[in-house]
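Asker: Each chain is listed here by its residues.
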Amino acid sequence: MSILFDGLSLGAIYALIALGYTMVYGIAKMLNFAHGDIIMVGAYSVFVVMQRAKSPTDAFLNVACGLLLSLFICTLFGVVMEKLAYKPLRGVTPIAVLITAIGVSYLLQSLAQIFFGAKPHSVSLPTLGTVTVAGAKVSLSSIVTLVVGAVIMALLTWFVSKTTTGRAMQAVSEDRGAAQMMGINVNKIISVTFAIGSALAAFAGLFYLLQIPTAEPTLGSMPGIKAFTAAVIGGIGSIPGAMIGGVLLGVIEKICLSIPVIAPYTTAVEFSLLIIILLVRPIGILGKKRREKV
Amino acid sequence: MALLTVENLQVNYGVIRALKGISFEVNEGEIVSLIGANGAGKTTTMQSIMGLIPIAGGTVTYEGNVINKVPAHKLVAMGISQVPEGRRIFQELTVYENLVLGAYTEKDKKEIKNRIDDVCTRFPRLGERLKQVGGTLSGGEQQMLAMGRALMNRPKLLMMDEPSMGLAPILVEQIFDIIKELHKGGATILLVEQNAQMALSCSDRAYVLETGEISLTGTGAELAASPEVKKAYLGG
Ligand SMILES: Nc1ncnc2c1ncn2[C@@H]1O[C@H](COP(=O)(O)OP(=O)(O)O)[C@@H](O)[C@H]1O
Ligand SMILES: [Mg+2]
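For the record, the sequence lines run as chains D and Z.
For the first sequence, position 243 (counting from the first letter as 1) is numbered 243 according to this note's numbering, and the numbering increases by one without interruption.
For the second sequence, position 69 (counting from the first letter as 1) is numbered 1069 according to this note's numbering, and the numbering increases by one without interruption.
The reader is advised that the hints may include incorrect statements.
What the hints assert, rightly or not - Straight-line Cα separation of at most 35 Å, DSBU-like style, residue types lysine-lysine; simulated pairs:
1. Z:Lys1110 / Z:Lys1069
2. D:Lys87 / Z:Lys1074
3. D:Lys29 / Z:Lys1109
The hints are simulated quantities; they were obtained by calculation from the structure and are not laboratory data.
Kindly generate the complete structure, drawing on both the sequences and the hints.
Answerer: Here it is as structure tokens:
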């Protein structure tokens, strides 16, 4: 029972990150390999606030401030990164964009090292303890992650399917040229996409710290790669796909970790799942092939 | 003054010179067609006017302003709409959502609703299928959706790229009937077609485009009667 909750909440973290990969892929048609590092930027933002915070009595207020700063900084980084590094490359070969994204990733990690040093910093978040659900002890942080993650994803789904900007995002994702013919400013929509993806990463960063309360420059790499895997498993470009892929991967990871014989091979199991899915269904669980109709 | 004036328009794809300096104009209330074989440069003309392909030379003037470098989304706000070649409706969105996107630059919800009602009156088949996903429409319905979507912008200039392509003859007739109706209602239309007969029959004026150059021009009736056009496009 508690494994299930932990798995679901880890899955919610992966899903939040995977959404950033998948939305940017769907709309800007690029893999933003620096996306994982936005989580790290978020984690350091929370760290800075928690370190400055004087009175531990207002722990939750401090966390809220940390989250706000993190949302602001992550969104700013995401949008500026797109404008400076990716926008000038629009229309060039995808491999150049990919290499640039890897460069941006290293740039962010190096910046973190310059400002905070290479040493990990522990982040003193309030401990939430456990509650009993259906006779099993479940950590409260898992439940918070799960609930908040689910609410965010529901909001995002509503936003994309029901608002004008959300529909414009779908239109750009399906046919950029046709979207322009509707009067949609594609550059603006791409900026919005980076902003949303980065804000989701800020939440993921905080939730990640609730699990492992340490900020370090390479913190974003592993969850980034896992979430990217989740996005591909779910079908890159698909929003519900990223959610399903993320949750699936989180649950599998926690189950594997709970079985002593398999635990050391958890990451191998996860990437094997990716390979199997890609062999059986190369477009991922909910991925779509473009249909042509005469 | 013409609504749209194209002077010496040149477009290149790398070393390929797709348009070698073409000139034409569209006056308010006119249907003007560009006819030409596959690969003549018709789509290139439409896309470059729309700001979707860079212009290498010449000028495009709309309502007295040079629009060579104006991006597509601004041109839409200025009243130019395009029904693109191959329809390019949003297959994963519903008919309703496609239509709403057609009025993207209009913020007034009531006005958008009025426009949807108008489009549904003109295309009852779309009205019956508002909740249907675009990709599941038949070819003819998709063409109607592409036209309805463009009309949602209440364009001052409507550009249509081969609206009859790939449609059964009876549907082609229907599409041209709608074009004629729009014309009666005062619309200004730039029509691109391979179906020269149909296009010339409803056009005020027309231009023949051949490998990136305009070879002939005249009224629709003049061109339909011209021996060159008869030989090349109307089967003798
Ligand atoms: N994206 C492109 N890259 C290179 N050449 C192109 C491209 N699009 C069109 N062309 C070439 O430009 C010429 C005109 O094409 P197009 O405007 O599509 O003609 P039409 O619409 O009249 O059939 C053709 O020779 C075509 O091969
Ligand atoms: Mg064409």
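Asker: Decide, hint by hint, whether the structure agrees.
Answerer: Evaluation of the provided hints:
Proximity of Z:Lys1110 to Z:Lys1069 is assessed by CA-CA distance (about 33 Å); at most 35 Å being required, the pair is judged to hold. At roughly 19 Å between alpha-carbon atoms, D:Lys87 and Z:Lys1074 fall within 35 Å of each other, so this suggested pair holds. Among the hinted pairs, D:Lys29 with Z:Lys1109 is consistent with the structure: their alpha-carbon atoms are about 31 Å apart, no more than 35 Å.
When held up to the earlier numbered hints, the structure conflicts with none and fits them all.
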